[in-house]
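Single-letter residue listing:
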Amino acid sequence: MSDNRALRRAHVLANHILQSNPPSSNPSLSRELCLQYSPPELNESYGFDVKEMRKLLDGHNVVDRDWIYGLMMQSNLFNRKERGGKIFVSPDYNQTMEQQREITMKRIWYLLENGVFKGWLTETGPEAELRKLALLEVCGIYDHSVSIKVGVHFFLWGNAVKFFGTKRHHEKWLKNTEDYVVKGCFAMTELGHGSNVRGIETVTTYDPKTEEFVINTPCESAQKYWIGGAANHATHTIVFSQLHINGTNQGVHAFIAQIRDQDGSICPNIRIADCGHKIGLNGVDNGRIWFDNLRIPRENLLNAVADVSSDGKYVSSIKDPDQRFGAFMAPLTSGRVTIASSAIYSAKVGLSIAIRYSLSRRAFSVTANGPEVLLLDYPSHQRRLLPLLAKTYAMSFAANELKMIYVKRTPETNKAIHVVSSGFKAVLTWHNMHTLQECREAVGGQGVKTENLVGQLKGEFDVQTTFEGDNNVLMQQVSKALFAEYVSCKKRNKPFKGLGLEHMNSPRPVLPTQLTSSTLRCSQFQKSVFCLRERDLLERFTSEVAELQGRGESREFLFLLNHQLSEDLSKAFTEKAILQTVLDAEAKLPPGSVKDVLGLVRSMYALISLEEDPSLLRYGHLSRDNVGDVRKEVSKLCGELRPHALALVASFGIPDAFLSPIAFNWVEANAWSSL
Amino acid sequence: MAVEMASQSQVLVEEKSSVRILTLNRPKQLNALSFQMISRLLQLFLAFEEDPSVKLVILKGNGRAFCAGGDVAAVVRDIEQGNWRLGANFFSDEYMLNYVMATYSKAQVSILNGIVMGGGAGVSIHGRFRIATENTVFAMPETALGLFPDVGASYFLSRLPGFFGEYVGLTGARLDGAEMLACGLATHFVPSTRLTALEADLCRVGSNDPTFASTILNAYTQHPRLKQQSAYHRLDVIDRCFSRRTVEEIISALEREATQEADGWISATIQALKKASPASLKISLRSIREGRLQGVGQCLIREYRMVCHVMKGEISKDFVEGCRAILVDKDKNPKWEPRRLEDMKDSMVEQYFERVEEEEEWEDLKLPPRNNLPALAIAKL
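Residue numbers (this note's numbering), protein chains in the order written: chain A, 25 to 699; chain B, 178 to 558.
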């Protein structure tokens, strides 16, 4: 391989010598007249303090983030390469699946040796949790595979031990997990059951003679599937399984099973197969697991919620199987929190690259012989990228808010966290996929080059819309919860409290008939429209379901039947919750340029959300004229955000090295001399 | 008039066809950069850039030093007279000079035949070519002075291999010419006896294209062996320890290494860290870490904020104390405040990186737009 490279280089050099300089007889082809890269910084100025804005967007642990960025840049394990006079770190996605898996593991060892994971399971409290989240986010900015592999080990395996387990498990496993003495995975999904965890088919029975549990995969559809870490590296797994005690199924429970010994050989009574090459995330070794009457000690039941006594009696403090299942699922929230925020960082990478490129790449002249126009000076290009930029800003605040309520969680806030995290996870990951596709197209052909990242990231992040709860299923959870809240408040004749529904206690807002520019940009107006939409959809949804329920149909069936309203409602709820987080962030700022720009960004977020949602027109909240005014205002806002475009992406705080060559001197990066 | 004369004699200018040779000429002060020297250099560099007849600039020092740094003793006098804003003017000009050099469109060759410290690194390392010799002694000793590695050091130190930059910047460790070449601070190593011939050859350069100077320099350069006790042989230990998140963790990582094998170099390194100003260590580490992710302009703007806070002395007065102990009284026994690392809280560190508020007409460092930014920046090192 390196011989070939050396040979090729020798050829290149030989050609240089033989041909000396490229023919320059034609003066019109001389270098001065050729296109030259001009850094956007030369022509764009920052209208606000980007460091302040970055602090606001990152929200927490900025210094820790910079530390781990530096850790990755200074190590040869992170595939440092030079392009166009700059250093980039990004995985070599041209490696085989096996190579990607091995290098991902080595990168994790390196981060471990440098103390990145210190305290991730043994320290508690919001501060420790936020630091962990920040460091994980940066891992994901480098490579989604690194963050997923780390996430499976700490957030799925580690948190399962921590939250489902009790003292004996904590003492035995947590420190060892933090030090990677054991490598954990999390076997929940099966071939036949994904989002519907209660339907899994793996069966565990208890043998009182030996005081062991016996885990079995009874059929092919019960094989554990997509288990990250299982194919190559994991030594232990959490097994989700139905627990049968004396012929009674007690529902889904979690157990610890060893699957590999310290040498990495697969344990007896375990079969493991590979999930194979994927459309992205090939640094994660997803595998399939079959259990053939695997015996594990009784102590390996994670018994925070329920236990089996040595003589085989089932005991649980939670009698209701629905609640018991809910208690098991609670730790999965952390996954949705990290996915939502990592999706936004991925969108930030895509937009930083696409916007920087659009500020240095030109195409077509407007006048004959005139200079070619910068991509971002085309109103159409602004319309493609700047609304996505504004949404990314808004969702950045949403992700921060989600993290805050998660790290400060109490038993009382669990329901709200479940609803908000479901909505945010779905909307933010969809937004990322949409953004990456637009960015890929916006940079043209360069976007299909893997090293330019925007195209590759689509494959790397696509799975976010599916794992830890399919987005569509999660959105149904949102509308179901809102339905239940509505019904319960009405039944008890109590005011709405929580989930941001308090506005339902006030009179229905009335929107002005004529929408002027200043009305459209007024935060009070924006809030009113979003509240009105949510309220109206919630009322429609509940009344449709109630009406049909009266005719004897089941509630579950009616949810399915009314899926269109249900989807509109969940979206309205989530978008309003996002808007609220921006308004809250804005309100905390002192007057000044940061606040002013954020105001523009917030208006863009609000208005583009209105423009893109036909339900406002469908249900008559906005007239045709109103919708036309909204559309005009979006285009005006594009023009006003255009001068801030560079500063707005600079405020994402993603170091140059974590972007890609087209974000910088793409002429030099592609020059013959740099071959 | 006298000032004009001083600045003329403190920087000597020779014209050799397309080449300009500048000599720092304050040998008794080891060519420490005075305010006049900095202004003069800035003026000369900008003029040479405009002048199409100039193709190459050589910078060297008269005597046994290339340049021992900025004239901080003068700055400390200003601070003590309640006039830190004069010091701010000094640093803003110095950083502007660093910036012009870092983004210079013509090749600068710095001949580092002797001491290169602090501000001396600032006027050389940012340039295209840095020639070390067997006489070169390089150091960034600021943490021992209650300051921090400035002059764009957060840019160039952070770009050294692994965490060598943190090591050099925090401990003030001295490097010789071979070590400078090995880590990339120097681009060439030429024995001092050959410097005259090299200079004469360089004077034949008639093009802006740096490959011409490069070809000449390559003909003179040597690859000296690193001395046996060189810190550069200890890169593995340096990477393991200086990569840590905080100064406290760096020191405990070094102490762990020390318990595994008794080693003079490790204990000297720990000693250096324990002698340095705790405030300086913490702001320096953070500055290098931020600098790693920033362009040279952003680095200088940040360092300017920091140096203004250092001079203002509201969080710590270690700079005045360090200069007293090292440069004035020479008792080498500074009384740092805060005294211990753990007393220097994150919130105190944070303040050094914020704008200097409530100070009349204080502004962030304003750098001129430069075409040459930011490409080449890394390739040079």
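One should not assume that every hint holds.
Only pairs whose alpha carbons sit at most 30 Å apart, straight line, appear in this in silico DSBU-like list of lysine-lysine [unchecked claim]:
1. 451/B with 509/B
2. 489/B with 79/A
3. 619/A with 543/B
4. 522/B with 199/A
5. 432/A with 522/B
6. 337/A with 191/A
7. 432/A with 504/A
8. 521/A with 432/A
9. 451/B with 142/A
10. 619/A with 522/B
11. 343/A with 233/A
Derived DEER-like restraints, expressed as beta-carbon distance ranges [claimed, not checked]:
12. 510/B with 190/A: 39 to 49 Å
13. 538/B with 69/A: 19 to 29 Å
14. 395/B with 66/A: 31 to 41 Å
15. 538/B with 465/A: 41 to 51 Å
16. 69/A with 259/B: 34 to 44 Å
17. 403/A with 202/B: 55 to 65 Å
The following residues of chain B were derived to be distant from chain A, with all beta-carbon distances above 12 Å [claimed, not checked]:
18. 211
19. 336
20. 350
21. 426
22. 437
23. 467
24. 527
No lab work stands behind these hints: they were computed from the structure. The structure presented is a predicted model; accordingly, all values stated were derived computationally and were not measured. Glycine included, each C-beta is placed from N, C-alpha and C at the ideal position.
We went through each hint and held it up to the structure:
no.: 1; hint: 451/B with 509/B; result: 14 Å, holds
no.: 2; hint: 489/B with 79/A; result: 25 Å, holds
no.: 3; hint: 619/A with 543/B; result: 23 Å, holds
no.: 4; hint: 522/B with 199/A; result: 28 Å, holds
no.: 5; hint: 432/A with 522/B; result: 24 Å, holds
no.: 6; hint: 337/A with 191/A; result: 21 Å, holds
no.: 7; hint: 432/A with 504/A; result: 25 Å, holds
no.: 8; hint: 521/A with 432/A; result: 19 Å, holds
no.: 9; hint: 451/B with 142/A; result: 25 Å, holds
no.: 10; hint: 619/A with 522/B; result: 29 Å, holds
no.: 11; hint: 343/A with 233/A; result: 27 Å, holds
no.: 12; hint: 510/B with 190/A: 39 to 49 Å; result: 56 Å, violated
no.: 13; hint: 538/B with 69/A: 19 to 29 Å; result: 21 Å, holds
no.: 14; hint: 395/B with 66/A: 31 to 41 Å; result: 33 Å, holds
no.: 15; hint: 538/B with 465/A: 41 to 51 Å; result: 48 Å, holds
no.: 16; hint: 69/A with 259/B: 34 to 44 Å; result: 35 Å, holds
no.: 17; hint: 403/A with 202/B: 55 to 65 Å; result: 59 Å, holds
no.: 18; hint: 211; result: 32 Å, holds
no.: 19; hint: 336; result: 8 Å, violated
no.: 20; hint: 350; result: 18 Å, holds
no.: 21; hint: 426; result: 7 Å, violated
no.: 22; hint: 437; result: 15 Å, holds
no.: 23; hint: 467; result: 6 Å, violated
no.: 24; hint: 527; result: 8 Å, violated
Of the numbered hints given earlier, the model fails hints 12, 19, 21, 23 and 24; all others are met.
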